[in-house]
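Enquirer: Listed below are the residues making up each chain.
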Amino acid sequence: MRKLYLMTAVLVIGALFLGACGTATPTEAPAPETPPTAAPAAPEATAVPAEPFRVAVVMPSATNDLAFSQSMYDALLVVQEQMGGPESFEIAYSESMFVIEDAAAAIRDYASQGFDLIIAHGSQYGSSLQEIAPDFPETSFAWGTTLDTFGMPNVFAYEARSEQGGYVNGVVAASLSTSGVIGVIGPIETGDAKLYVDGFAAGVAATNAAATVPTVWTGSFSDTALASQAAQTHIDAGADVLTGTAQMVAGAIGVAQESDVLWFGTQSNQAVLAPGIVVASQVYHWEVVLAQMIELIQGGTYGGESFSIDLANGGEVVEFNPDYSVPADVQALADETTQGIIDGSIVIPLAD
Amino acid sequence: MIQDLLTPAVLAGIVYSGIRLATPYLYATLGETIGQLSGVLNLGVEGIMLMGAYAGFYLTFRTGNPWIGLLAAIVVGALLGLANAVITVTLKAEQGISGIGVFLFGLGMSELLFRMTFGSVETVSGFGPVRLPVLGDIPVLGDLLFNHSLMVYFAYLLVPLVWVLLNRTTWGLRIKAAGQNPAAADALGVSINRVRYATVTLGGVLSSVAGASLSIALLNVFQQNLTSGMGFIAVALVYFGGWSPLGALAGSLLFSTVNALQSWIQVLGIPIAPDFALMLPYVLTIVMLAVPFRKARQPAALTKPFERGEG
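As given, the protein sequences belong to chains A and B, one line each in that order. Using this note's numbering, you'd call the opening residue of the first sequence number 1064 and step up by one each time. Using this note's numbering, you'd call the opening residue of the second sequence number 60 and step up by one each time.
No lab work stands behind these hints: they were computed from the structure. All values reported here derive from a predicted model rather than from experimental measurement. Idealized CB from N, CA, C, for every residue including glycine. Honestly, I wouldn't trust all of these hints.
Covered stretches of chain A (in silico footprint by chain B; criterion: 3 or more residues with CB under 8 Å from a CB of chain B, positions within the stretch not fixed) [stated by the list, open to error]:
| # | stretch |
| --- | --- |
| 1 | 1118 to 1130 |
| 2 | 1279 to 1293 |
| 3 | 1302 to 1314 |
| 4 | 1327 to 1341 |
Negatives, chain A to chain B, calculated, CB over 10 Å [as the list claims (entries may be wrong)]:
| # | residue |
| --- | --- |
| 5 | 1246 |
| 6 | 1252 |
| 7 | 1253 |
| 8 | 1320 |
| 9 | 1389 |
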């Protein structure tokens, strides 16, 4: 009898495990069913490909995180639109792949299924990609944010020069702050988060040398509670403007809204979350680099190059929230700063 | 630099945040304490918290009424607690393993439901701060203690309630008997399984409410994995608190206060590496867990399914 119970229990647990993993299995984005095609055929260099271009992306959080993962998903949808819809551009994605081993399995799966381009959207996936890519020389891989292609002919790399939009945000923040205390909430001191925070601080310093920019690192990209606590602490310490990066900031934006403190976003446009207090967001438009990669792949080049999005190439745009009216002189200063970064007259000093 | 921490404003900030942030830990730790005292370890607290956070958030979002959200969290918590009781009490599953199953279920299911019902991250207006009459007007203390969300007050009110339940009622005696010496209690006519069903279900309700306290009172958002490990901390705090409601209170407060402290250390620019500051609350918990006398209070039948005629 006891054995029966044990077996039942194991079955129940097994079912629970499957339930949990269910959301992490590859999900097909809205796309019509395509008949199974033969093994990854050689890319056709002709103008109108008969088969759809197939892209798969593996990302650490959800496609609706209003941050890093969403920025890539939104970009893929834009590219899909440009390329003529789901019939000619197929998107598959695996989200919430916070376990690197699961991500590696998904990447390998997509490669075996003959996708044309597989994007590992997160620098934590780099070592997995380095292992997998040589096994599929006919498949193109991309990863970011980094500039390191491992010297492999079928790996692209991409990064965001997030310090640029960060600098513009910092200039505007310093112009709007009356207390001169501007709080920053960062996840882990690395990658585009560190660049953004450094750029933001530089922008503040260039505009108001007396302003302080205290920074709290939460040690996590997803800890909403810690981010909201950091926001509260900043406000208690006198901050009247806040900014932050990574998907955890939703909690911090909530706190800012409650206390009527201004917010500057990055990665995705965060104005939808709190239209009353979000002044501007630096938005990543990865479609700029995706378009270049796809063109190369269609021309027979599977990798070996790295790309950046920045203000100059339109891959980064500081989007102001239409519901928040910025004084005309501040808006002018923002535009001037953006222009200065694009033409090189403003050089952003970055700490190492 | 360190003396910056000792200004009245900073101390007040730490105390206020400490009180506020202890809320989810308090609910979850009290619920888990009751369950463990009856002999059932539930490692799935985190999963139930996530489901409660989602259910509370969803109904608050749809109806605009956080009370309906809270009610939803209670119902979901009771159902999951009941399911957990079936697995651990009736099916006698290995509790350490089945709890992980409950956690993974909650993690995956809350995310899946969130995705199906919300296109994007949203906010709600939940239980905002309420300044209590009279008490709230006391200088300094009024601001620190009596200007919180209703869900914060409820959490603190639960401490004496659970204490009375455990120490001044027959039901409390039965719970502890079921955890210490189930065979003897059974011989005296106490239905061990019935007691454990009740405690595990109640534990589920409190875990679920702990999650809702985040999504509809403290943070007012829902995101995937919103609780990020709080449920596991709550399980540790049960050991830390020596299976007593007052210990749970002390543990929750210590943990949340040290957490608030690390935020201030970073905001004030005190040159301690942020990684170290973030580690502080966890290190403290482990240190306290190592204090030997606590082990002696552990319910003797913890994690042991009850089988009549054994032990």
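Enquirer: So which hints don't hold here, by number, going up?
Expert: Structure breaks hints 5, 6, 8.
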